[in-house]
Amino acid sequence: MAKNAVQNGVILTAIALTGGVVAGTPALIGALLVVPLTDALEGEEFEAATTGVWEFPKTAANTPAQFANAYWSVANGEMTTTATANKLAGCFTSAYINGDLVCNVRLNGVSVI
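The sequence shown begins at -3 in our numbering and counts up one residue at a time.
The set of hints was computed from the structure by calculation and includes no laboratory data.
From a predicted model like this one, the values you see are computed outputs, not experimental measurements.
Virtual Cβ for every residue (Gly too), placed ideally from N, Cα, C.
Mixed in with the good hints, there may be bad ones.
Label-pair ranges, simulated between beta-carbon atoms [stated by the list, open to error]:
#	residue 1	residue 2	range
1	Gly73	Leu8	30 to 36 Å
2	Ala19	Leu84	19 to 25 Å
3	Asn0	Gly73	25 to 31 Å
4	Thr78	Asn0	35 to 41 Å
5	Leu84	Leu8	17 to 23 Å
6	Thr9	Thr80	19 to 25 Å
7	Leu97	Gly39	17 to 23 Å
8	Ala91	Asn4	16 to 22 Å
9	Ile7	Ala81	16 to 22 Å
10	Asn0	Ala57	30 to 36 Å
11	Ala56	Val6	16 to 22 Å
12	Ala71	Ala1	35 to 41 Å
13	Pro53	Ala(-2)	19 to 25 Å
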């Protein structure tokens, strides 16, 4: 790494917001969707993955193609193909059919608005 590099950023320390976080359950912390590696109560620090491939709940009716954009629905707690009112999280690593309840998504590791 260059002399001014601080860390690679794959795992970051975050502070749990209202309600805390549960390990493995995506959390939108500020503008970054992360996967907590441990449970944490509100206000506690936790380690959070910002990239990688993770299994998430999927909107059952969605039929994404491989590498299609995956959006996190904060309201429904699942990945969806619907961009409106949701946060771009990454891409689906496989194609999925109507009725699939889980999916694998590669997180982008970038902030979302």
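### Query
Can the suggested window of 17 to 23 Å be confirmed for the beta-carbon pair Leu97 and Gly39?
Violated, since Leu97 and Gly39 (Cβ atoms, about 33 Å apart) do not stay within the stated range.
### Task
Take a look at whether the Cβ-Cβ distance between Leu84 and Leu8 falls inside 17 to 23 Å.
19 Å, holds
### Task
Could you see if the CB distance from Ala19 to Leu84 stays within 19 to 25 Å?
Holds: the Cβ-Cβ distance is about 23 Å, inside 19 to 25 Å.
### Query
Within 35 to 41 Å or not, the Cβ separation of Ala71 and Ala1?
Holds: the Cβ-Cβ distance is about 37 Å, inside 35 to 41 Å.
### Query
Has the hinted range 30 to 36 Å been met by the Cβ atoms of Asn0 and Ala57?
47 Å, violated
### Message
If I claimed the Cβ atoms of Gly73 and Leu8 lie 30 to 36 Å apart, would that claim hold in this structure?
### Response
22 Å, violated
#### Entry: Ala91 versus Asn4 beta-carbon gap, inside 16 to 22 Å or not
30 Å, violated
### Query
Cβ-Cβ distance between Ala56 and Val6: within 16 to 22 Å?
31 Å, violated
### Task
Could you see if the CB distance from Pro53 to Ala(-2) stays within 19 to 25 Å?
39 Å, violated
### Query
Could one say that the CB atoms of Ile7 and Ala81 fall in the range 16 to 22 Å?
Violated, at about 29 Å.
### Query
Between Asn0 and Gly73, is the Cβ distance one that fits in 25 to 31 Å?
38 Å, violated
### Query
Holds or violated: 35 to 41 Å for the Cβ distance of Thr78 and Asn0?
With Cβ atoms ~40 Å apart, the hint holds.
Checked against the numbered hints above, the structure violates hints 1, 3, 6, 7, 8, 9, 10, 11, 13; every other hint is satisfied.
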